[in-house]
Every structure is written in structure tokens, then in C-alpha cells.
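Enquirer: Chain by chain, the residues run as shown.
There are 2 protein chains.
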Amino acid sequence: MQPVRVAFDVEGGDRGADILIQGLMEAIARSQVPLTVHVCGDENVIAEIFEKLGVFPDTRVIVIEHCPHKLSQRDIPSRAWQTRANSSIVRCIALQQEGKVDVSLSAGDTRFLMASSIFILGRAEGVARPALAAFLPTAHKRPVLLLDVGANLNCRAEHLAVFGKIGQEYAGVYLGLPNPTVGLLNIGQEASKGTRAIREAGQMLAESCVGYIGYIEGGDVLSGKADVVVCDGFAGNILLKAFESLYGLAMSLMKENRDIITVIQDKIAVLNPENYGAVPLIGINGLVFKAHGASSAAVIANALQMAIQTAGRIIQTSPQTVQY
Amino acid sequence: MQPVRVAFDVEGGDRGADILIQGLMEAIARSQVPLTVHVCGDENVIAEIFEKLGVFPDTRVIVIEHCPHKLSQRDIPSRAWQTRANSSIVRCIALQQEGKVDVSLSAGDTRFLMASSIFILGRAEGVARPALAAFLPTAHKRPVLLLDVGANLNCRAEHLAVFGKIGQEYAGVYLGLPNPTVGLLNIGQEASKGTRAIREAGQMLAESCVGYIGYIEGGDVLSGKADVVVCDGFAGNILLKAFESLYGLAMSLMKENRDIITVIQDKIAVLNPENYGAVPLIGINGLVFKAHGASSAAVIANALQMAIQTAGRIIQTSPQTVQY
Numbered sequence: 001m002q003p004v005r006v007a008f009d010v011e012g013g014d015r016g017a018d019i020l021i022q023g024l025m026e027a028i029a030r031s032q033v034p035l036t037v038h039v040c041g042d043e044n045v046i047a048e049i050f051e052k053l054g055v056f057p058d059t060r061v062i063v064i065e066h067c068p069h070k071l072s073q074r075d076i077p078s079r080a081w082q083t084r085a086n087s088s089i090v091r092c093i094a095l096q097q098e099g100k101v102d103v104s105l106s107a108g109d110t111r112f113l114m115a116s117s118i119f120i121l122g123r124a125e126g127v128a129r130p131a132l133a134a135f136l137p138t139a140h141k142r143p144v145l146l147l148d149v150g151a152n153l154n155c156r157a158e159h160l161a162v163f164g165k166i167g168q169e170y171a172g173v174y175l176g177l178p179n180p181t182v183g184l185l186n187i188g189q190e191a192s193k194g195t196r197a198i199r200e201a202g203q204m205l206a207e208s209c210v211g212y213i214g215y216i217e218g219g220d221v222l223s224g225k226a227d228v229v230v231c232d233g234f235a236g237n238i239l240l241k242a243f244e245s246l247y248g249l250a251m252s253l254m255k256e257n258r259d260i261i262t263v264i265q266d267k268i269a270v271l272n273p274e275n276y277g278a279v280p281l282i283g284i285n286g287l288v289f290k291a292h293g294a295s296s297a298a299v300i301a302n303a304l305q306m307a308i309q310t311a312g313r314i315i316q317t318s319p320q321t322v323q324y
Numbered sequence: 001m002q003p004v005r006v007a008f009d010v011e012g013g014d015r016g017a018d019i020l021i022q023g024l025m026e027a028i029a030r031s032q033v034p035l036t037v038h039v040c041g042d043e044n045v046i047a048e049i050f051e052k053l054g055v056f057p058d059t060r061v062i063v064i065e066h067c068p069h070k071l072s073q074r075d076i077p078s079r080a081w082q083t084r085a086n087s088s089i090v091r092c093i094a095l096q097q098e099g100k101v102d103v104s105l106s107a108g109d110t111r112f113l114m115a116s117s118i119f120i121l122g123r124a125e126g127v128a129r130p131a132l133a134a135f136l137p138t139a140h141k142r143p144v145l146l147l148d149v150g151a152n153l154n155c156r157a158e159h160l161a162v163f164g165k166i167g168q169e170y171a172g173v174y175l176g177l178p179n180p181t182v183g184l185l186n187i188g189q190e191a192s193k194g195t196r197a198i199r200e201a202g203q204m205l206a207e208s209c210v211g212y213i214g215y216i217e218g219g220d221v222l223s224g225k226a227d228v229v230v231c232d233g234f235a236g237n238i239l240l241k242a243f244e245s246l247y248g249l250a251m252s253l254m255k256e257n258r259d260i261i262t263v264i265q266d267k268i269a270v271l272n273p274e275n276y277g278a279v280p281l282i283g284i285n286g287l288v289f290k291a292h293g294a295s296s297a298a299v300i301a302n303a304l305q306m307a308i309q310t311a312g313r314i315i316q317t318s319p320q321t322v323q324y
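The listed protein sequences derive, respectively, from chains A and B. Everything in the first sequence is counted per the working numbering, starting at 1 for the first residue and increasing by one. Everything in the second sequence is counted per the working numbering, starting at 1 for the first residue and increasing by one.
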């Protein structure tokens, strides 16, 4: 079995490279498939962390990619892929473009990750705006793919319509479904509801997307009514974070009922941000995942696992065209 | 003790006047304060329903206001207050303007309710766009007021800033707090995050609103970090409906654990749309509540109770200026 090849940015997180490398070690220990992980960051920092952890990295599994450039808030996202070519985010994406890895994971700034992906890997055909997409649990067994969850705050009708199509393709591969259903997030069911962009996107999807089932209200995202729910990145981000907060809220409300907590932990485990990990950037010619900046080592381990599993699945499905 | 005087629209719901009048009877039976309810609708329909229910309405409590006009989707909301002056929604608001009632409740179309309120009662000083505001439970004992939840889909910075101020005033009266804290819903904490309208609204609130605490992310709405959370009506509506759906979702996830359901019903009762009732329209010169179109009789009873309690509280607080 060929190893899954991963590019991993260890500079992007808010909590330092230590945490990210701890997460990596956990993911490697847990992986059921062979791996090669290209660790992108400052080689001295990385070497020190491995020393502190008392680990000699197996060079067949871990390849250190030295990235001396640092990205800062002053850098312009659309130019960083050229001006900061040796920064950790840009290097991850470049490794994909060079065919050296199958998938990238970063906990860094979404804007740099998005821009590097667009300019180095290129957009998928017909996609002006790639999107971040998150799987959420539903009342049924099957999860729902929500997109965009934060990459595009102001969306025109055509952007939303394209999110429907790329979300449907991604959910199809990920869930192994022929025609996942697609809903458009809106404030009501009636055709007259919502902003003009949403109403127009609804018409476009009705004409072009087999599987489009119409408007979905906020209360039906987790009901499993649609396999894919389309919205702009503002609404999606708010909704995603609201859902992620429920786990902690449930724990806090139930803190006097220890036995109930166990059941809840089991039932809504998938809403626990710890188990959640990363979201894919879709609509680009490559497989790029974004983890929360504040991720713990456990979250990073789950994020890597998600990236690895998805890469494994897509390599199996269409070895020639890894195009998501 | 003076009765609280209510105008009640029995034509607006999706489920017919029967359900609305059943809800009314429940609310009257349950009320701890004396009431006079002006029931606005078709007098023949209303009389028939009372007959079917086997009830002779006490004319000291129930006053039937015959409203022969019907509102339809063809009517223009901003004109209906003149062209359909004898429709149930417009009559409710007119009764308030005439000083005959303290509060109105309708389960009808938000656009007609909003426009009639604006044109008949007038906007509060400095308010271009009144908003719908909903109280939600938090991890603490104190609820959070979320606005707008559906009246204004596209908001400019100044609209959002005003929502902060009127929300703060309303929460202050309702919760009996001197200076409730105000947060602005956004996709991150950093000053550079969000749309231009949100960033500008943040600056306006920082300059003008004592109690403004900055951006609130989707995961912190229910944490009790702010007493008032400001957003546009699209994000607010999506979020409100998502939260309302959690009760049913929890019930469905836990359906095999009957004893846990009892605890959940108790702990998250306030998220149950049945207990929730109605949301106030704030920023107008009067007290107007909107119930869900699909409300059951039990929900309507709770909605009336909420309207009555708020009216009672505001009459007590400032008998001269019922201005919300």
C-alpha cells in the first residue's frame, strides 16, 4: 500500500509548534495507513521540539521542510505565494503543486491558505470563489456538509450556486452517494423570502443542480433534510461556531448530572470541537484542510486523521484527478 | 389593579383562527393579572369559534373588533395601513395608536406588522429600522437578547449600531439591569474581521454605547458573554431557528433514554419553541409582539403571556412613555 503523503504547516496555529507536533505524533501513532508527512516550518524550532519530546523522527515518515519566511498581518494574501514562497503555508501548497504530497493541513490564517491555494493550485473549472466546507452531524446517521463557513463573507448569487455544485461533488465522493441533495439556507420556505442574491441563487440551482431541494431554514440544518446546505461565509461561520459551542453548553447545563453527561458525550460526540478537526477548502485543484487556530494537540490529531482519510478515499476513487 | 389591555390578531396565523382563539382562552385562564383583550378578525368567524368551543365570551374581558379587510401577498406592506385599514393587523396597531390597548400580538406576516407599526405608531427617536428581538437562554441564569432576528436582511453600519442601543434599552427594562452589555456578532475577535458594515458598526458602538464589549462569535451567543447580541436579520433568523431546533434534536437523539429526556426537558425548556412564544418589535413607539405563523394554541398562550407580562412591566416602569 502506497503511503498517504501529507504537507503539515507547524507555524500556523495560535498555540505554537509544540502543540502541532504533539498532534502529529498522535496522528502517526493512530494512523491505519502508511504515511509520509512533510513538516513545514523552521527546522531549528522543529528539531528542538523533537528533542524535547525525546523523539528521533523516522525519516521515512517525517520529512522536515525548512521554511525560513514568516507571514505577518502586513503581508498581502494574494501576493504572499510569491513574496513569502518559503513560508510554511505557501510551502505546503507548493509541495502539492509539485506532486510531492496528496493533501495539506494548516491551522494558519484562512486568507493566506485560500490565496496560496488559488494562485498555486488553481481553481477548479467554473469556480470563482472556493469555499470552506464543514461536515456537521444530523438527527440521521448521515452528516450534512455546510458551506461556505468563513472564506467568503459577501457572496453573489453565482457564488452561492457554485457552492451548491462543488459541495454536492465533495459530499458525493466523501459520503459515497450518487446525487446528494442540496438546500439553500434562507429565512423561510416561500419563494419571496430572503435577499435578492439568495432568490437568484435558488433559481440558478433549480435550473442547473439535480438534487436541489429548495430553501432550508436554520432549524433544518441539523435535521438531515439536505446533504449539502449552501450559505455565505458569514452565516455559515456563525452557525458552525454556534453548533460547536453546544457540546460545552450541554456539559455545563448538565454538570450536576454526571451519568447524563456520559450519554451526551456519546450521543453528541460529533459536535465536540475536539473530535471535529478540520474543514476542507473546496473548489480548488487539490486537497487542502484548515484547522482552527486555537486547536489542541488532540484536535490536530483528529484534523490530520480527517485529511489523511479523505486523501485516501479520493486517491482510491479517482487516482488521476484529485480535484477538490 | 388596572387590566392590561391587549390587541390580538386572530387572522394572521398559518393554522387558522380556531388555534389562535384556543390559545387566547388558555392565556386568559392562566393570567395572574386582569385583562381586556381586543380580538381583531372577522366577527362571524370569531363568533362561530366561540360557539364551537361552547364559550360565551365575557364582554368585560373580550372585545370583538370586526375587521372585514383581508391582507394578501398582493398588498404592499408600506401602504396596507391605509388601503387595508380594517384588516386585523392594521386594526391592532391602530388600537394602540388610539390609546385603547397597551400591547399587540400577531402571528401574521412580519412585513405588514412592521410597516403598520412604523407608519401608525412611528419609529422611536433616531431609529431608521426597527428590529425583531428574541430572548435566548444562556449558560448563566440571565438570557441574551438577539436582534435583529428577521425584520432587516441587509443592514448598514448605522442600522446595526442602533440595534445595539435599542436592544440595550429593551434588555435594561426587561431584565431590570442598569447597563446591559452589548456584543456585535462577527466571525472572529480581531478588529480586521468581518464585513465593512460590521467593522464600522463596531467603531460606532465603541464610541457611543456604554456597555459595548466588542465582537461576539457564533459560539459565544449562548455563553452569556453579552446581554445583547447585535446582527443583521438574516444571521439572526438563521441562528434563532437553529437554536430553537435543538430541543427537538435533543429529544430525537435521546429517545431511547426516557429518564434523560425528563432532565433535558427541564434544563433546556427555555429553548423549546413551545415555551418561547413571541418576539417584540423594538424601536417603535409602542409594544408589538410577533408570534410564529405556525404557532400551536400552547405557543400562542405563552406568546400572549409574554406580551402581557412585558406590558405590565413597562406600564409599571414608565407609565407615561411606553416607547419600545
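Since the hints were derived computationally from the structure, they do not count as laboratory data. Computed from a predicted model, the values in this text were never measured in an experiment. Worth double-checking, as some hints may not be accurate.
FRET-style restraints, in silico, Cβ to Cβ [stated by the list, open to error]:
#	chain 1	residue 1	chain 2	residue 2	range
1	A	ILE213	B	PRO68	46 to 52 Å
2	A	ALA191	B	ALA206	54 to 60 Å
3	B	ALA206	A	GLY248	39 to 45 Å
4	B	GLU207	A	GLU43	45 to 51 Å
5	B	GLU51	A	SER208	50 to 56 Å
For lysine-lysine, the following DSS-like pairs were computed, each having C-alpha atoms within a straight-line distance of at most 30 Å [said to hold, decoys possible]:
#	chain 1	residue 1	chain 2	residue 2
6	B	LYS255	A	LYS225
7	A	LYS100	A	LYS52
8	A	LYS241	B	LYS70
9	B	LYS141	A	LYS193
Facing chain B, from chain A, some residues (calculated, C-beta under 10 Å) [to be verified]:
#	residue
10	GLY16
11	ASP18
12	ILE28
13	GLN32
14	PHE50
15	HIS69
16	ASP75
17	VAL173
18	ILE187
19	GLY194
20	GLY219
21	VAL221
22	ALA235
23	SER245
24	GLY248
Glycine is no exception: its CB is placed at the ideal position from the N, C-alpha and C atoms.
Enquirer: Hint by hint, say whether it matches the structure.
Expert: Hint check results:
For ILE213 of chain A paired with PRO68 of chain B, a C-beta distance near 40 Å fails the hint of 46 to 52 Å. Take ALA191 of chain A and ALA206 of chain B: their Cβ atoms lie about 40 Å apart, and the range 54 to 60 Å is violated. Separated by about 28 Å at the C-beta atoms, ALA206 of chain B and GLY248 of chain A break the suggested range of 39 to 45 Å. With their beta carbons about 47 Å apart, GLU207 of chain B and GLU43 of chain A fall inside the hinted range of 45 to 51 Å.
Checked against the hint of 50 to 56 Å, the C-beta distance between GLU51 of chain B and SER208 of chain A comes to roughly 54 Å, which is consistent with it. In summary, the hint linking LYS255 of chain B to LYS225 of chain A is supported, as the alpha carbons are separated by about 19 Å, within the 30 Å threshold. Distance restraint check for LYS100 of chain A and LYS52 of chain A: the Cα-Cα separation of roughly 29 Å lies within the 30 Å cut-off, and the hinted pair is therefore satisfied. Proposed proximity of LYS241 of chain A and LYS70 of chain B is contradicted: the alpha carbons are some 42 Å apart, above 30 Å.
Between the alpha carbons of LYS141 of chain B and LYS193 of chain A the distance comes to roughly 35 Å, so the proposed pair goes past 30 Å and is violated. The interface hint given for GLY16 of chain A is broken, as the beta carbon of that residue sits about 19 Å from the closest beta carbon of chain B, more than 10 Å. For ASP18 of chain A, the suggested interface contact is broken, since its CB lies about 23 Å from the closest CB of chain B, more than 10 Å. For ILE28 of chain A, the interface hint is violated, since its Cβ never comes within 10 Å of a Cβ in chain B; the closest pair sits about 30 Å apart.
Residue-level restraint check for GLN32 of chain A is violated (minimum Cβ-Cβ distance to chain B is 28 Å; threshold 10 Å). Below 10 Å, beta-carbon pairs count as interface contacts, and PHE50 of chain A has none with chain B, the closest being about 32 Å; its hint is therefore violated. A cut of 10 Å between beta carbons decides the hint on HIS69 of chain A: the least distance to chain B is about 21 Å, and the hint is violated. Of the supplied interface hints, the one on ASP75 of chain A is violated, with its beta-carbon coming no nearer than about 13 Å to a beta-carbon of chain B, more than 10 Å.
For VAL173 of chain A, the interface hint is violated, the least distance from its beta-carbon to any beta-carbon of chain B being 27 Å, above 10 Å. At a threshold of 10 Å, the smallest CB-CB gap from ILE187 of chain A to chain B is about 4 Å, leaving the interface hint in force. The interface hint given for GLY194 of chain A is met, as the beta carbon of that residue sits about 7 Å from the closest beta carbon of chain B, less than 10 Å. This hint holds: GLY219 of chain A has a C-beta 4 Å from the nearest C-beta of chain B, less than the 10 Å allowed.
For VAL221 of chain A, the shortest C-beta to C-beta distance to chain B is roughly 6 Å, which falls under 10 Å, so the interface hint holds. Checking ALA235 of chain A against chain B by beta carbon gives a least distance of about 5 Å; that is within 10 Å, so the hint holds. Hint status for SER245 of chain A relative to chain B: holds, with the closest Cβ pair at about 4 Å, below 10 Å. Because the beta carbon of GLY248 of chain A sits about 8 Å from the nearest beta carbon in chain B, less than 10 Å, this interface hint is met.
This entry does not satisfy hints 1, 2, 3, 8, 9, 10, 11, 12, 13, 14, 15, 16 and 17, going by the numbered hints stated previously.
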